[in-house]
Each structure stands twice: as structure tokens, then as C-alpha cells.
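So the protein sequences, as listed, match chains A and B.
Residue 19 in the numbering used here sits at position 19 of the first sequence; the count goes up by one each step and never skips.
Residue 85 in the numbering used here sits at position 85 of the second sequence; the count goes up by one each step and never skips.
No lab work stands behind these hints, which were simulated from the structure alone.
There's no promise every hint is true.
Claimed, not checked - What follows is a set of in silico ranges between Cβ atoms, one per label pair, in the way DEER data are often shown:
1. B:E76 / A:E119: 47 to 55 Å
2. A:I163 / B:K193: 34 to 42 Å
3. B:K193 / A:K130: 56 to 64 Å
4. A:R186 / B:E76: 22 to 30 Å
What the hints assert, rightly or not - In silico lysine-lysine, DSS-like type, Cα no more than 30 Å apart, as pairs:
5. B:K29 / A:K187
6. B:K169 / B:K210
7. B:K106 / B:K65
8. B:K36 / A:K225
9. B:K193 / A:K226
10. B:K297 / A:K240
11. B:K87 / A:K187
12. B:K193 / A:K243
13. A:K20 / A:K135
14. A:K20 / A:K52
15. A:K243 / B:K99
16. B:K29 / B:K180
17. A:K243 / B:K127
18. B:K73 / A:K187
19. A:K187 / B:K172
20. B:K36 / A:K226
21. B:K172 / B:K146
22. A:K187 / B:K193
23. A:K225 / B:K169
24. A:K225 / B:K193
25. B:K172 / A:K225
26. B:K146 / A:K187
27. B:K321 / B:K180
28. B:K169 / A:K226
Yeah, the Cβ is synthetic: ideal placement off N, Cα and C, and Gly gets one too.
In case you want the letters, here they are:
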Amino acid sequence: MLEKTGVATEQDLAKAIPTKERLAKGPVAIIECFQRIPCNPCYTSCKRGAIKEFEDINDTPEINFEICNGCGVCVSNCPGLAIVVVDESYSNEEALVKIPYEFLPLPVEGSFVTGLDREGKPVCRAKVMKVLNTKAMDRTPLITLAVPKELSMTVRFMKHHDIYSDNTFICRCEELTLGELRELIRKGYNTIDEIRRISRAGMGPCQGRTCRQLIMQELAAATGKKMSEMPISTFRPPVKPIKLGTIAGGERGE
Amino acid sequence: MNNTASVVIIGGGISGCSIAYNLALKGVKDVIVIEKEYLTSGSTGRCGAGVRMQWGTELNCRLAKYSIEFYEKANEVLQYDGDIEFKQGGYLIVASTEKEDTQFKKNIALQNSLGIPSVYLSPKEAKEIIPHMDETKIISATFCPKDGHLNPFLATQAYADAAVRLGVKFMKYTTVTGIKVENGKVTGVQTNKGFISTPVVVNAAGGQSKLIGGMVDVDIPVYAERHQILVTEPVNPIQNPMFMSFSLNIYCQQTPHGSFIMGRGDANEPRDLRVTSSWHFLEEMAQSCCELLPLLKDLRVVRQWAGLYCMSPDRQPIYGKADQVEGFYMATGYSGHGFMFGPVTGVVMAETILGEKPSLPIDKLGLDRFEKDELLFEPSVV
Numbered sequence: 001m002l003e004k005t006g007v008a009t010e011q012d013l014a015k016a017i018p019t020k021e022r023l024a025k026g027p028v029a030i031i032e033c034f035q036r037i038p039c040n041p042c043y044t045s046c047k048r049g050a051i052k053e054f055e056d057i058n059d060t061p062e063i064n065f066e067i068c069n070g071c072g073v074c075v076s077n078c079p080g081l082a083i084v085v086v087d088e089s090y091s092n093e094e095a096l097v098k099i100p101y102e103f104l105p106l107p108v109e110g111s112f113v114t115g116l117d118r119e120g121k122p123v124c125r126a127k128v129m130k131v132l133n134t135k136a137m138d139r140t141p142l143i144t145l146a147v148p149k150e151l152s153m154t155v156r157f158m159k160h161h162d163i164y165s166d167n168t169f170i171c172r173c174e175e176l177t178l179g180e181l182r183e184l185i186r187k188g189y190n191t192i193d194e195i196r197r198i199s200r201a202g203m204g205p206c207q208g209r210t211c212r213q214l215i216m217q218e219l220a221a222a223t224g225k226k227m228s229e230m231p232i233s234t235f236r237p238p239v240k241p242i243k244l245g246t247i248a249g250g251e252r253g254e
Numbered sequence: 001m002n003n004t005a006s007v008v009i010i011g012g013g014i015s016g017c018s019i020a021y022n023l024a025l026k027g028v029k030d031v032i033v034i035e036k037e038y039l040t041s042g043s044t045g046r047c048g049a050g051v052r053m054q055w056g057t058e059l060n061c062r063l064a065k066y067s068i069e070f071y072e073k074a075n076e077v078l079q080y081d082g083d084i085e086f087k088q089g090g091y092l093i094v095a096s097t098e099k100e101d102t103q104f105k106k107n108i109a110l111q112n113s114l115g116i117p118s119v120y121l122s123p124k125e126a127k128e129i130i131p132h133m134d135e136t137k138i139i140s141a142t143f144c145p146k147d148g149h150l151n152p153f154l155a156t157q158a159y160a161d162a163a164v165r166l167g168v169k170f171m172k173y174t175t176v177t178g179i180k181v182e183n184g185k186v187t188g189v190q191t192n193k194g195f196i197s198t199p200v201v202v203n204a205a206g207g208q209s210k211l212i213g214g215m216v217d218v219d220i221p222v223y224a225e226r227h228q229i230l231v232t233e234p235v236n237p238i239q240n241p242m243f244m245s246f247s248l249n250i251y252c253q254q255t256p257h258g259s260f261i262m263g264r265g266d267a268n269e270p271r272d273l274r275v276t277s278s279w280h281f282l283e284e285m286a287q288s289c290c291e292l293l294p295l296l297k298d299l300r301v302v303r304q305w306a307g308l309y310c311m312s313p314d315r316q317p318i319y320g321k322a323d324q325v326e327g328f329y330m331a332t333g334y335s336g337h338g339f340m341f342g343p344v345t346g347v348v349m350a351e352t353i354l355g356e357k358p359s360l361p362i363d364k365l366g367l368d369r370f371e372k373d374e375l376l377f378e379p380s381v382v
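Next up, chain B with everything else stripped away, as it sits in the complex:
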């Protein structure tokens, strides 16, 4: 194995691979990505893989817009020999409470001001977009045709393949057991396959990122929360956009492959890094789905699984360096939208590590915002 690196990235999900690719693209040599299992084995490979520009804060809108515009051209830019299966069927986000409806009107104004082509719809107009939905359960909806879905395994692989061509080394099935710090500076990473000296470590470990922070005594105020998803058998295309509701607690989309993927949040989910499945989820998910999208009741569920949301106090990512330890960087705390932010994560993290001015103003997303109590609460999260 290589025993020296200029940058070691911990985590082989979309964030780690995107950061590695962007560093190598900027000419950084000897970048190593360490992955405990295989690429996408953590949250990336378990996510719903929807991507949307419809957010409630300016920064999230901009981060998402940047990423989606990258995904639109990712096959070409990354010179991928496969297809990341990006389908822009839009997101139809429905409101079922007055409070939500008011928020959506604000969101649309914000989104439109940033060039996001979202529109406000009546229940009847919403039903034209998803005819099999029960429009009597909603007050209004918003729709953005640029939102969509892509294959998280292939998108990550596209980044990884491009990174490998630029000289990045990937160490799969390798576990980080410690990070060496001398005189307040990172000097290396200890793994179960040996020690790697490096001045820079990037924590892109998703649900495990708090553990990684603990290795250098940096307290990252995140926790891993289990979220569950199910997938049905594939059928002919009947639903173009993602159907989503924050108040009714559901997201449900048909992938280009034909299967329906749906999930929901639950405040009672365990926070102990468990990724087991529960019957409870299956029952509640099926009930929500049958109530709101009754046509889907005859679809068979073939599989359910779980992944970890890495929740931050304000449901926003944590980007940047740790002030206490020189050379320790974080890209974590996505609170369920790390996959869709993958492209922008790679760009802004590579810029930050190289001391350049980030393309987007991520200075507000640093770890120090929690000490200063300058949280940027995101209202629109499932």
C-alpha cells in the first residue's frame, strides 16, 4: 500500500468520491480514498436518490441547483462509460396544512428569484401531473420540472472512475482505526491495513462521521438517524415526477427502471448506527402510500432497507475545516440530502482544502456556526 498521501478522504460515498475527483482535477497528486466496505456501501447506496432544487433557504437552493446542473452533464464531464440514469421528471411537493401552504409561497418566490423554474399549483393542477393522486388530501402543491432522480451507485462509480483516471487511489474494505495528530496538526491515518502519513484528512464518513471526529477530539454535533425505504417490483412508467409531502411524511417516485421507491421519516427511529429494517415502517409507509396514491396498492413490495441520515442541528451540511486541528476537514451533516449535494460538495471542499475562495458561500456552513449559534434552519426536509 501507499504509505504517504497528500490528502486522505475517509468515506467512499458520493461526497468522498466527488471530493477526490475535484482535488485530482485541480492537480492534487496522491489522493487516497479509504472506504470501510465498498463504494456506496453507506448512506449513498441506501438513499432515495432524488434530487431537487426546491428548498427553503437560499443557500440550499443554490447548492442543489449547482449539483443538479452538474448531474445534467455528468456522463460527459466525467467521461463515464455507463449512464448515471438521470431522469428529470420533476418533484411535485404537496401542502396539506395552511402553515405549509404559506411556506411554499415563500419558497417559490425565493426559488424563482434564484432562477429555479418552480411553480405554485392548485390541487387540480397537481392532479394533472400525477393523475393517480388523491388531490382531496392537499391544499396546494409546488412543482419544479428540473428536479429528478438518478442511480446513486452509478453516479458514484462515475466519479470514482474519473478519479482513478486522474490518479486517485481507492482502498476498499479498509477501516480507519485512528488519526494521528502532532502539535495540533494531522500527520497520518491509521488503518487496519497500515499507516498512511498525510497532512490532510477529510471526514466524509456520513453516518460514521461523528466517530471519525472523535478520533481527533473534534466534537461534530451530528447524530446518525435511521431512515427506511422500500422498493416495489418494476412496472411500466405511470408516474413521472417525485411525489413528496413534508406534513404527510412521504416521498414516492418511480425510477426510470420502473420500480417505485418510497420512504418517510420517523422521529422515533434509533440513533445507534443500526441499519436494520422494521415492520412498523412497512405498515405506515404502505398506509400513507395507499391513502395518497391509491393506484399503487396493487404493487408488490420486493425489498425494504435502511440507511443513516447524518443529522445536524439545523439540517444543513457542515463544510470546511476544524479550527482545533490543522488539516482536518469535514463534509458531513447532510441530514438526508448528501447525495443530491454530491457535485457541489466536491467542488467547494476541494477549493477549501486548497485555500481558494469557494464557488458558493459555504462559510456559513462551517462547524463554528454551532458555537456562535448562527444556525440556518432548513424548513423543507423529510
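Just chain A, with the same shape it has in the complex:
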């Protein structure tokens, strides 16, 4: 089923995972590479000789877990992002999982992210222990995550926590939240002018400097239209708030 779903099966994994005893000893590379393709950088990058020389470049890699010390060089060298390093000796409760991560923004060390399984489903909260991004890694940074020990063979990727929630303010002047905005769109207010008029979003002192873009993005996502094809709201004078007394001529700047 790997060919159809992209997700390794238990039979596949049985061949790739080291023994419990080896795992307990410390960091070790786990190569989840199950398809014959012409590719060998894992072998060429391993300075310890833990990965066996390929007889045929189409072979899948074979690793000697006793030689491997989990240095992680092969992880950033694998073009298929098929290798992780797992360290079950980290603590009684947690294991470290070192993954290749080629998205921006990179997570921040010490922050929390969502651990994902091989299908991309969220499975736990994971702490970012280390972010390694050297020149030699050629833009394949390594992220070390601390995950619950029982999930060391489950967590294989991460995503940032959702930055937005229903309570996130979209319009700070008039205090329209994302939840309220989505509800208005659901009710059929599907242009920014309608949303402005019904909710006052964008009508406050900043005149939509922040929320205009955010509302447009949300409308684009909800309607499937491109932002460039959607009507924009009117920009009205005086653009920047000015005191009535100043306009009336009672006050002058330098």
C-alpha cells in the first residue's frame, strides 16, 4: 500500500526499526526507505560506515545499528527525507526524534509544536529541543523534538500550532474575531464591503490597515476566488485620523 498512500506499512517498518535494547542505548538512525530507486547519498554521507555499500544503486539501504551512533548526517543528506534519528535514552518519559524539516518559518527552540504521524495526523504536543541549520546541511534543517516515549515510533513530522483561533482578533479597532468573521461569511456576506458595513470591521481609527488584508484572505479562502479578482473596499479620506480642531484651522504643525 506504500505506493498508493505514501505511508509505510507495519511489515515495512518491522525491517527498519532497531531492537528495544539498541533503542535504549541511545541515538540511532531509522531509515524508512522502502522503494527501489537509484539513490545512495545515505551511504556516501555516513562517515562511520554504518550504512552498507550499495551493490546496485537501486537497492534500498541497509544499516548496522551497532555501528550507527545517531549523528544525523544522513538525515539531512537523504533527498527523500526518509531518515529520522530516535533517542530513547533521553529521559524516562520522553524520547527525542530528529527530523528533516524543509519549511519556513523554522520552529523556535524551546517552543511547542504539533507532532504528526506518518499520515500527517496530529498525535501530540512536542517541544522543539534543537534547530540545526548549517551550510553543510544544504537547506535541510534538522529539528529535534521531545515527544512522549511511547510515540517515538509514531511521530515523524511536525507542524506549527495554528496561529489563529476563533478568538483571534481580525479587526483590532472594532474587535471582530476570526470566528465572527467566518460566521458572517457563512451567512452570505461575501464581499469586504458587506462585511465592513455589517460588522464595522475596518471602520475604526486605523481604517482597516490590518484587517483589510486579513478579511480578504479569509474571503478568498472561503469563496475559492483569487484576491486579485475580488472587489476591494473603498479607501476614504482623511486616511490618517485628524483632529476636528486641526482641520478647522485652530492648530498648526511646524
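Here the structure of chain A is known, so what remains is to put chain B in place on it, guided by the hints.
Leaving out everything else, chain B in the frame of chain A:
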């Protein structure tokens, strides 16, 4: 789209939505409202949204009183799931000339005779109601506590939501390009999204209503005049009533939301359907405001905009049918008070279309009054 309707209403402002709701309430099926952009995108959404019973002609007093009494209970009657934000803080209308003072005394007598609780005030009494006003600029004032302000977007939406529940169809972002007339009768409306056959068309197109009249060769003697408004940042409540003066050319109120909305008229404003803004307005408005309500000088203006008054020769609405074209009805020419007349417009227009006797005597507000030269001039308009 529906290609037949019993009534097509052109215009998705307060008038169009109120007419649609009242027709559906009376059991009319297949009512369609056509709106060029979105609901309230025309004059309704651009208006100052103040409502007052203090008028100078009996008919206007009665039309306004009927509407305000409806707005008082609109949330419940229309079963609106929001709030139209109706606040009855009153209108304080000040006189600065002897002529105006004389007119106000007449107005109060008329208003009181119709059950409108307005009172005549000295400058000192007026200052008790709006303490930050410069009372030395005025001779007298009138005050009616039942007058007030509401949110025009939400009020229109309340009508539209209720109309939809009764089966009315709304076509937003649809432009009427022509009206078909055969043998002197309306037979349909051409839009950019197709043709709708209908025996009845209601012109509730506000500033664009003259154009719509032209589509059936009915000359409606109205013109669109630009009026401008500004709004300030919101602050804590400091001014309960609307402050208004015809001679000093200002209206200024604080909305329940906290912002101040103010506007003025200008005879030199363009009459070409333009809704752009001018610096000229901003300057004159700020000067009037700082002079009469000096406390407000530190408030920041966040936005100005413009809308169209649909001016009629006697500054009164035009209600009813066109004699030349069967099935063509008008609700237009409000001269700046269409929003406050919204509730009564819906009722009397629905009655007229169904051939019933209107709840209020609007027969004097027909298009034929201009030919007969029976104008009902309203003295109290900004």
C-alpha cells in the same frame, strides 16, 4: 434565476427591503428585489441614520411618527437575531434666526397636536441637554425625546432577513438595464443576469431613481445631490441627543457605538451621481462643529464619505403609481429622509400596490402633484 415575479423592486436599501417585507407579509408571492451592489450600498448605507418626529408639515410628522414607532419595536416584529441599535436620545434642534424661531413655535404647536412630545426651550434649557454646546449662538431650541438614531445596515438587514423568511428573493450585484413596457403596461425587467417577466415594478432606486424612471419614459422631477458626512473615533458617551440646526447648517450626533457622525448641506454640491469626498466639506464641517460644540475639537476624524439625497421639488417623498405606465410604482424623492421613512414607505407602498386604502393619506404625495402644482413644501430640512 427566477424568470417570473409578481413584483420586482429595484433597489436594496431600506425602502426596497421594507416594501418587499410588507408585500410578502400581505401574502404576495414571488417578490424579487434587485440590487446593483449589496444591500445598503446606496443612500441607506451612507445616511446619517438619525430619525425625528420634529417636522414642519402634518404629513411628514405623521410619516415620521409612524416610522419611529415601528423602529421602537422593530427587533421583535421583524424577529431580528441581531439588534438594530435604536437609541432614542432625542433631537435638539436649535434656532439662530428670528424667522427660524417663529417657525419652530409653529412646528411645536403642530407636532403637539399630533401627539409628538416635543418642547420649546430657551438657550439655557438647551444647554442643560447638551452641556458642551455654545448656547450664545442660538435664540431658542426644540427638543423631542422620541427622536433618535439607529444602525442603517442592521435595520435594512433586519427587514431583508424577515423578507427572505417570507419567501422574497434578493438578487445582489444585479443591474437593471431596461424595463419592458407593452401596450402601456409593464411586462418585465431586463437585467445583466437575464430577463424577469413581471407586471409590477417598484422604483426604489434612490439617487438612481430618475434613471429608472427614464427607462419607462416617466419623468420624475428629482435630482441626486451629493451630501457629505464624517465620522470620528469612538469615545465615551457625552452627547445623548442629536444636535441640529437648519440655519447654521449642521447635524451632529454620537452613536451608541461612541463615534460622532456629522454632516451638513451645500447647495453647490455636484448633482451628477458622484459620491466622492471633498476637502472643502471637511474644513467647513470642522469649523461649524468647533464653533457650536467646542468640546469636540480634540476628536479625530477617521473617515468622511458621501451619499446622494434624491431631491424632489418640495423636499417630500414621491409615493404611488405612474399614471402613464400601468404597473410602474415609485417610492423616491425623499430629499434626505428616506431612511427614517423606511417603515412607513413599506406599508403605504404595499397597500398602494395591492389597491388598498393606504394607512396614511399619501395621495398628496403622488407624482401628479407636480403637474397640478400642489407642492407640499417642507420647511425643516438640512
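Hints and how they fare:
no.: 1; hint: B:E76 / A:E119: 47 to 55 Å; result: holds (52 Å)
no.: 2; hint: A:I163 / B:K193: 34 to 42 Å; result: holds (40 Å)
no.: 3; hint: B:K193 / A:K130: 56 to 64 Å; result: holds (60 Å)
no.: 4; hint: A:R186 / B:E76: 22 to 30 Å; result: holds (25 Å)
no.: 5; hint: B:K29 / A:K187; result: holds (24 Å)
no.: 6; hint: B:K169 / B:K210; result: holds (24 Å)
no.: 7; hint: B:K106 / B:K65; result: holds (18 Å)
no.: 8; hint: B:K36 / A:K225; result: holds (21 Å)
no.: 9; hint: B:K193 / A:K226; result: holds (22 Å)
no.: 10; hint: B:K297 / A:K240; result: holds (16 Å)
no.: 11; hint: B:K87 / A:K187; result: holds (26 Å)
no.: 12; hint: B:K193 / A:K243; result: violated (46 Å)
no.: 13; hint: A:K20 / A:K135; result: violated (34 Å)
no.: 14; hint: A:K20 / A:K52; result: holds (22 Å)
no.: 15; hint: A:K243 / B:K99; result: violated (34 Å)
no.: 16; hint: B:K29 / B:K180; result: holds (21 Å)
no.: 17; hint: A:K243 / B:K127; result: holds (24 Å)
no.: 18; hint: B:K73 / A:K187; result: holds (24 Å)
no.: 19; hint: A:K187 / B:K172; result: holds (14 Å)
no.: 20; hint: B:K36 / A:K226; result: holds (22 Å)
no.: 21; hint: B:K172 / B:K146; result: violated (34 Å)
no.: 22; hint: A:K187 / B:K193; result: holds (23 Å)
no.: 23; hint: A:K225 / B:K169; result: holds (25 Å)
no.: 24; hint: A:K225 / B:K193; result: holds (20 Å)
no.: 25; hint: B:K172 / A:K225; result: holds (18 Å)
no.: 26; hint: B:K146 / A:K187; result: violated (33 Å)
no.: 27; hint: B:K321 / B:K180; result: holds (16 Å)
no.: 28; hint: B:K169 / A:K226; result: holds (28 Å)
In this structure, the hints that do not hold are numbers 12, 13, 15, 21 and 26, in rising order.
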